[in-house]
Amino acid sequence: MAEETKQQDKNNPESPSRRKFIKNSGIVVGGFALGGVLGSLLPRGGKDETTEPPPEDKKESKPAEGFTYALMYFTPEQFKIVEAATERIFPADDNGPGAKDLGVAFFIDHQLNGDWGFNAREYMHAPFYKGESVQGYQGRLKRREIFDIGLRELQNHCMSKYEKGFAELSAEEQDDILRDFDEDKVDLTTISPSGFFKLLRIATLEGAYSDPLYSGNRNMEGWKMRNYPGSQMAYTNVIDKEFTEIAPQSLKDHLG
Amino acid sequence: MAKKLPKVDVVIVGVGWAGGIIASELTKKGLNVVGLERGKERKTEDYFMVHDELRYAVRYEMMQDLSKETISFRGNEKIRALPMRQYGSFLLGDGLGGAGVHWNGQTYRFLPYDFEIRSKTIERYGEKKIPEGMTIQDWGITYDEMEPYFDKFEKTAGISGEENPLGPKRSDKYPTPPMKSTPALNKFKEAAEKLELHPYSLPSANLSEPYTNPDGVARAACQYCAYCERFGCEYGAKADPVVTVIPVAKQTGKFEIRTHSNVRRILKSGNKATGVLYTDVTTGEEIEQPADIVVLTSYVFSNVKLLLLSGIGTPYDSKTGKGVIGKNYAYQVMKGNATGFFEKEQFNLFAGAGALGMTLDDYNGDNFDHSDLNFIHGGSIAITQTGQRPIQNNKVPSGTPLWGKEFKANSIKYANSALSVSGQGSSMPFQHHYLDLDPTYKDEFGDPLVRITFDFEEQDRQLAKFMAEKCSGIMKEMGADHIDSLKELGPYDITTYQSTHNTGGVIMGTSPDTSAVNNYLQMWEAENLFVIGASAFPHNSGYNPTGTVGALAYRAAEGIIKYSEEGGMLA
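As they're listed, the protein sequences go chains A and B. If you use my numbering, the first sequence corresponds to residues 96 to 351, in order. If you use my numbering, the second sequence corresponds to residues 962 to 1532, in order.
Because the hints were derived from the structure by calculation, they are not lab data. Mixed in with the good hints, there may be bad ones.
Unchecked claim - Taking lysine-lysine and the BS3-like style, the derived pairs with C-alpha atoms no more than 25 Å apart in a straight line are:
1) B:1113 / B:1004
2) B:1004 / A:225
3) A:319 / A:347
4) B:990 / B:1215
5) B:1305 / A:319
6) A:237 / A:293
7) B:1374 / A:336
8) B:1305 / A:225
9) B:1374 / A:293
10) A:336 / B:1356
11) B:1374 / A:319
12) A:336 / B:1141
These figures come from a predicted structure and were not determined experimentally.
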């Protein structure tokens, strides 16, 4: 397996990603004979930018459409509830957009259809016993199942308390419903209300602040709000300086 | 029937820091070594897309797949141990380089006090100072004997640092100068000096400048990109086994690494190991690899598990305190800290390096008088600037709700204005803290999981409170407008990240009655079996353990070479 990878690298030692990587890194390599690892990242024979092959036919390219803003797990109704609930957890304010405009609900939808939603890399073998809280999650349900149940129960709780669905409630009423879950004031047998709320809360932060690659943090607005520069190759020039604002970059910027 | 391969001189189980050091030292001396690694191959080029907090830090890209194997845990013997189904308290490594790839690089030497902890505690305070059930013991080696090995590891890794004003004697200075300092670190330094404490730059495996080590391996300097712990280094600037010791071993032509090879048993005949049995996880095939010498370098849990499953060494019995395999499991008391919120200042907290920090030892080991304190030992205190990645760092002053308008506003307001000063408390062993095999839960092969029985004790609660007070004092001097600090340690909770500093289980010492290995980490009960790692620590100090693991690995390598020539017990 390792051999295969090596072979591919050999076939394509001048891949654009390598050049871009070095270009973005901000490292001064001149004057220092780099052995070892960094040396191996550089194109062989000391080639530089000028040897870059001419760009292929320049066709007018339109900005990419947001094809990932569709659903792979939620029903439209579930999606609406998640969009409304995450917006209360992380609302739009003077700092910038809230969860809805950051695409957090799309992020959660996509995540639920992957390893995280299936608890694929976690120990899910029987027997299941109720443990102490310090022993961590001991349920048999996967996150996607917890979301299904949690969203249904959220809706039920809204209907019995306000006779309306979550998305139709006022912001104050929505907060009240979420608080009931957060503080375990809802009587559920299948899942822990506060456990579901915690899951929703952390997923909201993940959606607001992960690389836009995952369909949240739209246009890096989550990062911009808190002056987080995203994925930069080097901070050598600012590390010992006073606070510095830097325009953010995403992982996309590291691909040639 | 397992396929049987031709015999080799040495087989190593797990190729991380310990395995890599053993491989490089032994192959340099001409021994033929096979390294069996259960995970995949790793290289620097894997990390082009490494600045991805979700994938690496939150979804644990580089960690052991818990669906295949985990540990089980209980706070005490009265309750049922349950599996650690999801990550929390510590993160298990996997793949070439092991946890050595995704560490921060904070590289300390344990104190002279640590190696002779029982003798020195009794000498200064009397035997009554050691509470009932606390099973501290001397390590069977002194700091002076360890010093050359610390020096060797620091030079291999290229540790960047400056002299610790309270540190023990060194034969040489650090091979590279300290990392750059930052306004936040300077603030800590000035405050600590005003309080007449002794701050110094945290010894770092993230190189401060380009460096060529004694093996001829050249590496570039750290770029302060802020993605160290939980990530691999795309520059090779952070010392890890893949960019230091493993290529040296490979270059000799005498080191064969087999990845995807999960060792299941150590094979034995009489009181000697004869090789190992492993599964090629890509085919499911069982393979026997005979060897003259077997070296376990597979982290605390797998070292203990393999010995217990293979019936080698006397299992520990917590009722009697007799037996050794699984004994003295210890951890780290991490929660004694203080966070300060600054109204008028912002710092470049998005930037940093895993081991960029300022630290002090005034409250570590026995550097201060414990006569009127209800605990022994202590911990290092540090401020670090490792990079405040936005998903996992949302500090808000106490009283702020954890969601909604106010949470969002405060978490953004303080994103670059909250600093923490943290105590890294030592962890003392107790008779009822240990590792054994779980009676219920199994791994992917149907073998039992390792079971942890561990909780915090009065020693830990007192220590954490003490550290939190000292940290708050420094933070106050730093001028924070609002300070939050630990009030009560509470029980050990496996769900919140503390540190991947698990220790003990195959401890070193002077007698087979009280220890599993001698001071060359050679098994008392199987002379051609060496067990290396923090599993050898009889207790854990108030520091990150890797520096001491590296030093012990060099010590063991020397022993293995001697054993390969002369045989017999080395100590």
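Do the hints match the structure? See the list:
{"no.": "1", "hint": "B:1113 / B:1004", "verdict": "24 Å, holds"}
{"no.": "2", "hint": "B:1004 / A:225", "verdict": "42 Å, violated"}
{"no.": "3", "hint": "A:319 / A:347", "verdict": "16 Å, holds"}
{"no.": "4", "hint": "B:990 / B:1215", "verdict": "10 Å, holds"}
{"no.": "5", "hint": "B:1305 / A:319", "verdict": "20 Å, holds"}
{"no.": "6", "hint": "A:237 / A:293", "verdict": "15 Å, holds"}
{"no.": "7", "hint": "B:1374 / A:336", "verdict": "20 Å, holds"}
{"no.": "8", "hint": "B:1305 / A:225", "verdict": "47 Å, violated"}
{"no.": "9", "hint": "B:1374 / A:293", "verdict": "22 Å, holds"}
{"no.": "10", "hint": "A:336 / B:1356", "verdict": "23 Å, holds"}
{"no.": "11", "hint": "B:1374 / A:319", "verdict": "12 Å, holds"}
{"no.": "12", "hint": "A:336 / B:1141", "verdict": "10 Å, holds"}
Hint compliance for this structure: hints 2 and 8 are not met, and every other hint is.
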